[in-house]
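S.K.: Chain by chain, the residues:
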Amino acid sequence: MNRSLDRVLLVVVVILAILGVVVLYSAGQTDLRTGAEGKWLRQVMWLGVGSICAALAYRLSFRILEWAAPWAYGLGLGLLLLTLLIGRGFGTGAGSKSWLAIGDFRLGQPVEVAKLATILMLARWLAARREPPTTLRGLFAPVMIALVPALLVLKQPDLGSAIVFAGILFSMLYWAGVAPSLLVLLASPVVALMLAWNTALWSAWMVVLFALLLIWRPFIFEAIAVYLANSAMGVLYIVVWNKMATYQQQRILSFLNPESYRKGPGYQAIQSKVAIGSGGWFGTGFTLGTQKRSGYIPEHWTDFVFAVVGEEFGFVGVVVVLGLLLSLLFILIRIARRASDPYASLCVFGIVGLIFTHIYENIGMSVSLMPITGIPLPFFSFGGSFLVAMFIALGFAFRASGEARASGYLES
Amino acid sequence: MSAFASFEVARRATGARWILVLAFGVLGSAFFRAQIIEHDRFRVEAGSNRLRPITLPSPRGDILDRNGLPIAENIPGYSIKLLAAREDSLRAVLGRLLAYVPADSVDLELTVRRWRAATFQPVQVFASGEDRVVATLEEHRAVLPGLVIQAEPRRTYPHGEAVAHLVGYVGEISESEMKSGSFGEAGLGEMVGKQGLEVEYDSLLRGQQGTRYVEVTARGRTVGDQANSGSVRPIAGATVRTTIDLPLQLFIDSMWRADMPEKRGAMIAMTPKGEVLAYYSHPGFDPNAFIGGISAEDYAVYHEDSNHPLIDRVINGRYPPASPFKLAIATMALRRGLVTMDSRMPVACSGGLRFGNRYFKCWKHTGHGSLTLAEAIKTSCDVFFYQLGQLVGRDGLLEDGQALGLSDPTGIDLEQEKRGAFPRGLKDYVNSRGLSTWSNGEVLNLSIGQGRNTQTLINMVSFYAALAGDGIKRPPHIFRPRLGTRSYDLGLKPEQLVGLRRALSDVVQSGTAGASGGREFDVAGKTGSGQVSNQKDIGWFIGFAPADSAKIVVGIQVEEGEHGALVAKYVVRAIGRYLQGPGSPALKSEYQPPLSEDTTPAVDPLAPDTTRATLRPPAATPKAAGRRPGTRR
Numbered sequence: 001m002n003r004s005l006d007r008v009l010l011v012v013v014v015i016l017a018i019l020g021v022v023v024l025y026s027a028g029q030t031d032l033r034t035g036a037e038g039k040w041l042r043q044v045m046w047l048g049v050g051s052i053c054a055a056l057a058y059r060l061s062f063r064i065l066e067w068a069a070p071w072a073y074g075l076g077l078g079l080l081l082l083t084l085l086i087g088r089g090f091g092t093g094a095g096s097k098s099w100l101a102i103g104d105f106r107l108g109q110p111v112e113v114a115k116l117a118t119i120l121m122l123a124r125w126l127a128a129r130r131e132p133p134t135t136l137r138g139l140f141a142p143v144m145i146a147l148v149p150a151l152l153v154l155k156q157p158d159l160g161s162a163i164v165f166a167g168i169l170f171s172m173l174y175w176a177g178v179a180p181s182l183l184v185l186l187a188s189p190v191v192a193l194m195l196a197w198n199t200a201l202w203s204a205w206m207v208v209l210f211a212l213l214l215i216w217r218p219f220i221f222e223a224i225a226v227y228l229a230n231s232a233m234g235v236l237y238i239v240v241w242n243k244m245a246t247y248q249q250q251r252i253l254s255f256l257n258p259e260s261y262r263k264g265p266g267y268q269a270i271q272s273k274v275a276i277g278s279g280g281w282f283g284t285g286f287t288l289g290t291q292k293r294s295g296y297i298p299e300h301w302t303d304f305v306f307a308v309v310g311e312e313f314g315f316v317g318v319v320v321v322l323g324l325l326l327s328l329l330f331i332l333i334r335i336a337r338r339a340s341d342p343y344a345s346l347c348v349f350g351i352v353g354l355i356f357t358h359i360y361e362n363i364g365m366s367v368s369l370m371p372i373t374g375i376p377l378p379f380f381s382f383g384g385s386f387l388v389a390m391f392i393a394l395g396f397a398f399r400a401s402g403e404a405r406a407s408g409y410l411e412s
Numbered sequence: 001m002s003a004f005a006s007f008e009v010a011r012r013a014t015g016a017r018w019i020l021v022l023a024f025g026v027l028g029s030a031f032f033r034a035q036i037i038e039h040d041r042f043r044v045e046a047g048s049n050r051l052r053p054i055t056l057p058s059p060r061g062d063i064l065d066r067n068g069l070p071i072a073e074n075i076p077g078y079s080i081k082l083l084a085a086r087e088d089s090l091r092a093v094l095g096r097l098l099a100y101v102p103a104d105s106v107d108l109e110l111t112v113r114r115w116r117a118a119t120f121q122p123v124q125v126f127a128s129g130e131d132r133v134v135a136t137l138e139e140h141r142a143v144l145p146g147l148v149i150q151a152e153p154r155r156t157y158p159h160g161e162a163v164a165h166l167v168g169y170v171g172e173i174s175e176s177e178m179k180s181g182s183f184g185e186a187g188l189g190e191m192v193g194k195q196g197l198e199v200e201y202d203s204l205l206r207g208q209q210g211t212r213y214v215e216v217t218a219r220g221r222t223v224g225d226q227a228n229s230g231s232v233r234p235i236a237g238a239t240v241r242t243t244i245d246l247p248l249q250l251f252i253d254s255m256w257r258a259d260m261p262e263k264r265g266a267m268i269a270m271t272p273k274g275e276v277l278a279y280y281s282h283p284g285f286d287p288n289a290f291i292g293g294i295s296a297e298d299y300a301v302y303h304e305d306s307n308h309p310l311i312d313r314v315i316n317g318r319y320p321p322a323s324p325f326k327l328a329i330a331t332m333a334l335r336r337g338l339v340t341m342d343s344r345m346p347v348a349c350s351g352g353l354r355f356g357n358r359y360f361k362c363w364k365h366t367g368h369g370s371l372t373l374a375e376a377i378k379t380s381c382d383v384f385f386y387q388l389g390q391l392v393g394r395d396g397l398l399e400d401g402q403a404l405g406l407s408d409p410t411g412i413d414l415e416q417e418k419r420g421a422f423p424r425g426l427k428d429y430v431n432s433r434g435l436s437t438w439s440n441g442e443v444l445n446l447s448i449g450q451g452r453n454t455q456t457l458i459n460m461v462s463f464y465a466a467l468a469g470d471g472i473k474r475p476p477h478i479f480r481p482r483l484g485t486r487s488y489d490l491g492l493k494p495e496q497l498v499g500l501r502r503a504l505s506d507v508v509q510s511g512t513a514g515a516s517g518g519r520e521f522d523v524a525g526k527t528g529s530g531q532v533s534n535q536k537d538i539g540w541f542i543g544f545a546p547a548d549s550a551k552i553v554v555g556i557q558v559e560e561g562e563h564g565a566l567v568a569k570y571v572v573r574a575i576g577r578y579l580q581g582p583g584s585p586a587l588k589s590e591y592q593p594p595l596s597e598d599t600t601p602a603v604d605p606l607a608p609d610t611t612r613a614t615l616r617p618p619a620a621t622p623k624a625a626g627r628r629p630g631t632r633r
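Sequence order for the protein chains is S and E. Residues in the first sequence are numbered consecutively from 1, following the numbering used here. Residues in the second sequence are numbered consecutively from 1, following the numbering used here.
Hint data in this document are derived by calculation from the structure and do not stem from the laboratory. Certain hints may be false.
[To be verified] Derived DEER-like restraints, expressed as beta-carbon distance ranges:
| hint | chain 1 | residue 1 | chain 2 | residue 2 | range |
| --- | --- | --- | --- | --- | --- |
| 1 | E | 14 | S | 67 | 41 to 47 Å |
| 2 | E | 112 | S | 324 | 51 to 57 Å |
| 3 | E | 139 | S | 105 | 33 to 39 Å |
| 4 | E | 5 | S | 35 | 46 to 52 Å |
| 5 | S | 236 | E | 110 | 28 to 34 Å |
None of the values given here were measured: they were computed from a predicted structure. For every residue, glycine included, the Cβ atom is placed at its ideal position computed from N, Cα and C.
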């Protein structure tokens, strides 16, 4: 079997990895000591570890992965449970117990394992169907597969990662052929929950939902259930709101109105946006970002690393990086499309969902498009666990690409 | 496997791509909006984030003497400031800073109060001229976030105490001064004049502060200068070149310290036109200690000193003018044409004068006999002047007191000058003293410079300057005459002036000041010993030289100086120093105490005053007299 390495994917990954290190290097160039100091070197080390892991993942057949999926999933859940029991907070996530550690030695963030395991597990369940589910009831099992780890993560609490599970779930359901209308209905209670803070908006949504139910005509019981669920959210949001930690509430409030939270939680969002906005067309130049240098960008080597890109390379640099990330996703989609079997195809598309959710959440929050949730930006944010997990995922993608070629895929 | 049929997958892939393009389009447009459309706003915001204005002190103008020698100048110094985001961080940094600087140089609470007044500005912690302190702080900059060390010219008075009351000192503007607006645009932390010339000419000397921007990190650490972003250079203050003759000033200071360091008093020298040549009050203080705030202990030392070194005895000390005031009475009589220099009084001096049932003594108990006005000035005969005063009369005295400026400040260009306290009028006299009546004996007391009349040294010397010059009493000035001040024409004819000068010259040649050595410089002048209850007499001497064409008028007043004749030699020495320069030879005849003293006598307390009842003033009706200023609502 001749499994040649996907060159285009390789080139884009290498460029992104180098760019990521370059930006991290710049992040370390500040006028006062920050956590970013010397992180680029450690990132290079992690890239080495990640590459080795990717090479190992590349060796694994999808048949083995499919077989191992339940075990991996079980391991992922077990680790998440363990994290809830003995987890620790470190670094940027100091407030949430997301780390497994022995003493001060950090083993890693189990959520990254859980993300990969969930992709493998969902792919296994979806690939085993002849037809994609056509009812909400039929979606129960895959929803549960994603929901259980998501809830465990939410308990840490880590809202950002929980959203990633939703991203994985929806992208994979879509790729498996579930009707988009069904996905909308599935997501509708969440939409209702998000709109419930404003009665007018929520009411409008309920009208739209009613119309959609009339048009799409799902099973009557499911339609009623969906409508009731959406209605319940109008009340439930108060419960959910009260359940949230104060900082989470403030993050949401400050997202809706950052100026009124200037000194508090809105500070990060505003400082990041100020740095990006001051970049203009071409930015201040490599390592010369004044906001970064003076330490105004919070967590500028992890969560807000993209603000460094925006400040130092300007809009042009942002477009280039966005273009590179978009092309990476396009390449992955192409691999998913060409994959020789549904399982591999679903796995790769799950990876697309994973990476996309990370990109959108991270970059979106740096320009106040998304609420602040501390999740890393692929290739740019410093962090071992996520980098290794992503490189393993990329290893899978390379494998899928290779297998497709070996099986003689021809572009039609 | 219809769901994974090739065309199905391709369709979904296309859909997925569109979703991605849409999502990235939204991201891209968000960046376009922030980086391109709103770029200007964010750039400004980024700037205000990092850039903090720091005021640059303007170098204060020098104060020079008439020959360009520095009385006040600037030396390089540093001001240690802190930028802090919050009060607790300010306190923390201050706590650390204390480890590296002399403990008494920092007032913690004051610094915090200053910081509260303007939290975005660096707060002044202390000023230091010591390179060592600054170097130590620079070394520990890492643990002192927000430290701003600014080169700031420091005011210095090279001659310290010798010029203390003249030049005054500078200090940080106070809140009340800022509110009152008396220093124009002077802002927080700016150094302004507090005393003396420094405050009088503050608007000239101060200049205009500049602004510089420093880059500040999120944690309030300063990281660099932004020299070109909107900085405004400070404008240096103007130089004030005074009329002071610094060598003479220093001569007076060293003379005083050498001969009578324990004595309180004042000395002033000026030209007949009112240009002040020397201005000295003793004891003094070290104005350098006051710069940038004096420590509480140092201030207490000055404040609790029973000699009151902070009082400027030239313009703020009022004393019974005693015998030198007799010239004012003579002037009144002459300008009214009541007498000539050769006039004699009806009663010859036999050691005293009976007035009503009271007996007013002359200082010379054996009496002077019959004297002309010129002789009376020379011998300072009290009996003569009792009668001269009566000749002028109560109303004449009060009227001419105004005409000669004896109830007004001279208008010298210094703050807070006290006016001469000759009564402004009958009513003013009675009310201000809380007295119910004007005793006619008061005319006699006033006639010899006693009674209800006190004068500042400056006012008396100013009057003598007019006698020495063209008969016009001009406001004395150190830099330039104040606006709105007036001159007083003594109203004497030239020959009358000459006559008075000749009489004053005789005082020094053979009169009461005969032993002062004044003959060598053709000094004319008048001694005096003012009486203050429970104290030794106040010694006065006011002289000028050369007698006919005076170049300099010098006055001295020494508390507990015992007698004017004892202090006259200092005036003569100062005149010699001025007229002959540093090479002035030592006086040939060394000082000998004179045999006679013309101490103005006190009213004999034994005889009750019967004159009071007969001369009740019309304004002081019993009803009006009963109203005391304090009881009025």
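S.K.: Does each hint hold? Answer for all of them.
M.R.: Tested hints:
1. 14(E) - 67(S): 41 to 47 Å: Violated, at about 32 Å.
2. 112(E) - 324(S): 51 to 57 Å: holds (52 Å)
3. 139(E) - 105(S): 33 to 39 Å: holds (37 Å)
4. 5(E) - 35(S): 46 to 52 Å: Cβ of residue 5(E) to Cβ of residue 35(S): about 50 Å, so the range 46 to 52 Å holds.
5. 236(S) - 110(E): 28 to 34 Å: violated (57 Å)
Of the numbered hints given earlier, the model fails hints 1 and 5; all others are met.
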